[in-house]
Amino acid sequence: MINNNHYHTLDIHPQATAQEIKQAYRRLAKRFHPDSQTKTANSDKIIEINGAYEVLRDPQRRHSYDQQLFYPQFSSKRRTHQQRHEAARKQYKRQRARSYNTDTHLEIWLQQVYKPVNRLIIPILKSLNTQINQLAADPFDDELMEDFQAYLENCRHDLNQAQITFRSQPNPAPVAGVAASLYYCLNQLGDGIDELERFTFNYDEHYLHTGQELFRIATSLRHDAEDAIKHLNY
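Under the numbering used here, read the sequence shown as residues 1 to 234, first letter to last.
Careful, some of the hints might be misleading.
Unchecked claim - As a list, the in silico DMTMM-like pairs of lysine to aspartate or glutamate whose alpha-carbon atoms are at most 20 Å apart:
hint, residue 1, residue 2
1, 126, 54
2, 22, 11
3, 22, 141
4, 22, 224
5, 115, 227
6, 30, 143
7, 126, 158
8, 115, 226
9, 30, 103
10, 22, 147
11, 30, 195
12, 30, 54
13, 30, 48
14, 126, 191
15, 126, 226
16, 30, 146
17, 30, 11
18, 230, 103
19, 126, 224
20, 126, 147
21, 39, 204
22, 126, 197
23, 22, 58
24, 30, 20
25, 22, 48
26, 30, 141
No lab work stands behind these hints: they were computed from the structure.
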């Protein structure tokens with residue numbers, strides 16, 4: 001049961017586009033941010049706005065939210081279907097993994113998963129400091145901020161491709177540790193991009209510093225995976 005309406009919170013129509021959602025959030029964040037020193041500053045309101053944006057900015061979470069908001073009678077059936085689908089998917093992956101010859105499977109995974117994922121994420125990790133230095137000239141300059149937002153959108157696109165590639169095949173048992181490091185690296189990188197994007201809407205440097213730290217952790221995890229590959233005997 002949904003107690004509040006995120007569309008009402010952001011003052012947008014349920015059919016609003018992703019761009020309209022971003023614009024509405026940015027407008028309201030500036031209006032109600034506690035550090036704005038205006039009569040409209042409201043910490044409780046900004047928490048509500050952030051919560052609404054977190055749901056509506058993500059297409060999958062928004063779809064699930066819309067199902068509960070507009071079609072609550074189908075939400076229970078949908079969850080049951082998703083659970084069955086997930087169980088079937090996991091069973092299929094286990095069967096598929098057992099069908100591979102271990103050595104062949106390992107070589108395929110390295111060539112079709114590990115190396116492509118690294119090619120996608122290394123430029124993301126290495127370019128952040130340069131992008132932040134460029135933005136630091138004047139974070140309130142619209143052109144510089146638009147360039148930084150475009151950079152984050154490109155990062156998110158490449159990260160999505162890396163995640164798709166990573167999930168495309170089950171990892172062989174000998175590289176379970178490598179796969180785990182890559183998995184957590186991708187998660188930290190995604191969280192880091194989210195934090196940096198929050199900075200572009202409210203200019204709170206806490207999000208900027210948190211994003212940088214998450215990128216640092218992601219870099220360390222990628223190095224862990226690389227070191228494990230170097231010491232792999234196959």
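Would you pick out the hints that fail for this structure and give their numbers low to high? Numbers 1, 4 and 9, in rising order.
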